[in-house]
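Here the protein sequences line up with chains R and G, keeping their order. Just so you know, the first sequence maps onto residues 1 to 468 in this note's numbering. Just so you know, the second sequence maps onto residues 1 to 468 in this note's numbering.
Certain hints may be false.
Copies of one chain are not kept apart here, so a pair can be met inside one copy or by any two copies together.
Said to hold, decoys possible - Here are the simulated BS3-like pairs of lysine-lysine, each with C-alpha atoms no more than 30 angstroms apart in a straight line:
#	residue 1	residue 2
1	Lys215	Lys300
2	Lys215	Lys307
3	Lys392	Lys440
4	Lys439	Lys57
5	Lys215	Lys350
6	Lys215	Lys49
7	Lys361	Lys350
8	Lys440	Lys63
9	Lys336	Lys320
10	Lys215	Lys94
11	Lys392	Lys350
Since the hints were derived computationally from the structure, they do not count as laboratory data. Source: prediction; values computed, not measured.
Protein chains: 2
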Amino acid sequence: METEKLCKLVESIFPQKRILTNLADRYSYSFDASFGEYLPDLVVQPENKEEIASLIKVANEYKIPVYPRGAATSLSGGSLAVKGGIVLDMSQFKKHLVIDRENLLAIVSPSVITGDIHKQAEAAGLFYPPDPSSSHVSTIGGNLLENSSGPKGLKYGTTKEYVIGLEVVTPTGEIIRTGGKTVKNVTGYDLTRLIVGSEGTLGIVTEATLRLIPKPQARKTLLASFDRLIDSGHAITNILSAGILPSAMELMDNACIRAVENYTPSRLPVDAEAIIIVEIDGHEAAIEEEIKRCEEICFKQHATEVKVAQDEASRASIWKARKMVSPAITQMGPTKISEDATVPRSEIPKMMERLHAIRDKYQLNLVVFGHAGDGNLHPNIITDKRNFEEMKRVEEAVSEIFEAAVELGGTLSGEHGIGTLKAPYMEMELGPDGLMMMKKIKEAWDPNGILNPGKIFPQPGQTKVALL
Amino acid sequence: METEKLCKLVESIFPQKRILTNLADRYSYSFDASFGEYLPDLVVQPENKEEIASLIKVANEYKIPVYPRGAATSLSGGSLAVKGGIVLDMSQFKKHLVIDRENLLAIVSPSVITGDIHKQAEAAGLFYPPDPSSSHVSTIGGNLLENSSGPKGLKYGTTKEYVIGLEVVTPTGEIIRTGGKTVKNVTGYDLTRLIVGSEGTLGIVTEATLRLIPKPQARKTLLASFDRLIDSGHAITNILSAGILPSAMELMDNACIRAVENYTPSRLPVDAEAIIIVEIDGHEAAIEEEIKRCEEICFKQHATEVKVAQDEASRASIWKARKMVSPAITQMGPTKISEDATVPRSEIPKMMERLHAIRDKYQLNLVVFGHAGDGNLHPNIITDKRNFEEMKRVEEAVSEIFEAAVELGGTLSGEHGIGTLKAPYMEMELGPDGLMMMKKIKEAWDPNGILNPGKIFPQPGQTKVALL
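Okay, chain R solo, but in the shape it has when bound:
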């Protein structure tokens, strides 16, 4: 539909100033932190759920695609207008963030920055564990719809484990509530967990009830360097089988270490094949003992060096190096393809081997880091999308990464979502029947296919990624 006609349709719902039509505005909504670029026909900025419900009703009547969009930090194209239509920019949605100390809950609107939930919870002596790397800018609405989780999945579970209730506008424009304020709730199907991680294809979240936990008293962090990657893998599994459950266990390979050192010298060991960062949290007495045992286990697995942060400043400097990974990589080339293939923890050494073999085979700039404790690796390919020949090799490499993850008993995506890039591989992991069961839900809930079309489900016959 033409922009002008679309504009007329939404004018009864939104005031002029919250309808963006000009090319410059629309262009700024045409990309996210992923790879693609798609120009929407129109952008609207709802302030409340009623406006969203009205828009969705109109969208169904005229079969217009609608794409919810938070801070657009998605690495899988979650908010991209791949079929044209209307971008629903949630930035102007009325913000609220209430901490309910007695019930250990946070009630939040989707436009709240996730980092603000961390801060408010901690101010009340509580803790919201999910912590995607983008949490200082990304909104909780986006985090929920993508189930983005970060390094704490091993001990604390993913975002989904902390969402117990939602208010949602359905794909047909009804406003419903799912779950509630209790951790235990078996009143019918778990629509809460169905919608969390649905990438905006099953509903638009307008409020969420999050479970909080008491804030751990203390934490302790170490960084261990290894000459051989395989030893770091053994250190990780041996820490866990010693009965220690770290709050984070991060891994960086040599290419990744060098990228960070080139970008901002952090005194990382540039000759190490791998480093791991282990963080323990909990009761003061417990963590003192546990971090000491982690240190011993690392040395036993031939760590060349183990640094235990003795104060908050040295802890911060360890995490700073880890958080520099993404910006460091971005400096290495104009296009970054960021993956999140995830394997059972025991398969990490094999997966790392496969990734390095893929890098060598296709002669690509591939670095690997990730949340080793939960098997969630982030292979990143640095390339240039204008280089046609190289992009062909990237396509092949990405396919092989997915195949390796699934062959090793893992999954296409641990936390970035399927979006458009991974859709062609869904059937490889799920089988035709598994995928069909998902599609049946989508079709039953969104018969006109208006909510975030082009995501998760492959086009008919599509079995390979096409980056070009």
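We have chain R; now place chain G onto it with these hints.
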């Protein structure tokens, strides 16, 4: 359909000895631990998933209801053949239980007793937290489909939080796999969590991958008595806001205490208005300190007595008293209506007041106990279903219990499931649109309505429970 015709249909799938047709056999499958009684036309005992898939295909062709059944400990009628048809007795299903230490996983078949998972995990130094009271007899298949959880929900979450992968026969007879072996998995919709807690209406689980955690080093238990119920409520919330996260916090009211003492003297304080049991687990040094603080908090809230178990024997005797509640109540009358209305933790004192008011208004034998830490109360009405006049009062009382829970921001069911008894109240909690979204999934997946019909969804126009 007549039993004889049904029998013919399934003879090509099951050998004679695993098809039960005579009245005595069928009668023994006509009840569970809940209230109703329904005679199935036929019982079959599958040994593997292929047999189940074949049966479901036939059931769809001839529109025959099929009811999966584990150990039949359901308190909401989960396995009852309310519309006639075939009971699928999972007791003969090939058992396997594999502990994968390196990946902190258990791979189990549905027929495994949940208590055996506890034992095997602990033998490997690991821990499977969900622990329904029936875990020594109930099967994991039933636990999963009902999302039965027990006392550890507060600290460890519910059963659902520990299921990361399933193999399932769908309502149309396809065999699919959902999730996998990784805690992080966002490859499409979370069908795992949709099926867990679906009460057997969306699929039959044939294998599950469960997440385990390292076994806590130590645990410590206390029992505190209160003259006033309201004080016990304050003690519970104050423990949590002190930053302590107990692994269990159980509450018993006076009627419940007296029932246990009458049944088997356990030296409980029969004049106390309430007792609470608090258990802390974790690192040795941490729990010593935390249990001491719990004791102080209880005394500050006017506890008349606090007993801290100093050894495993006294710990066991505290828990024995708690576990005697169900058998003690069963002795009090021929019919027990066991509810599990759940409210936000802060509303427990109000909910207890409402429950006692309902007891007095309808002059019923009502005792209350439950998992106070997560707001999951178990009001039990002891009655006699042959007493028509009293059952009318029970009906009214049950309705008011559900209304009170929902009014206080809670839910109809925390862990027993909706089954048939609570179905009429679904719309009260979910609204017509919320319920419709669930129904759309059921209809899309099970177009012939053959899988466990008569559960979760109310009959058209039904808005009140009918016990008679």
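Status of the hints after comparison with the structure:
1. Lys215 / Lys300: This pair counts as between: shortest inter-copy Cα distance 23 angstroms, intra-copy 32 angstroms.
2. Lys215 / Lys307: both (25 angstroms within a copy, 27 angstroms between copies)
3. Lys392 / Lys440: neither (34 angstroms within a copy, 42 angstroms between copies)
4. Lys439 / Lys57: both (22 angstroms within a copy, 20 angstroms between copies)
5. Lys215 / Lys350: Only across copies: Lys215 and Lys350 sit 28 angstroms apart there, 36 angstroms inside one copy, limit 30 angstroms.
6. Lys215 / Lys49: neither (32 angstroms within a copy, 45 angstroms between copies)
7. Lys361 / Lys350: within (16 angstroms within a copy, 67 angstroms between copies)
8. Lys440 / Lys63: Both. Shortest intra-copy (19 angstroms) and inter-copy (20 angstroms) distances satisfy the 30 angstroms Cα cut-off.
9. Lys336 / Lys320: Answer is within: at 21 angstroms inside a copy they meet the 30 angstroms cutoff, but 59 angstroms across does not.
10. Lys215 / Lys94: Within one copy only: 28 angstroms inside, 44 angstroms across.
11. Lys392 / Lys350: This pair counts as within: shortest intra-copy Cα distance 25 angstroms, inter-copy 65 angstroms.
Hint check: violations occur at hints 3, 6; the rest are consistent with the structure.
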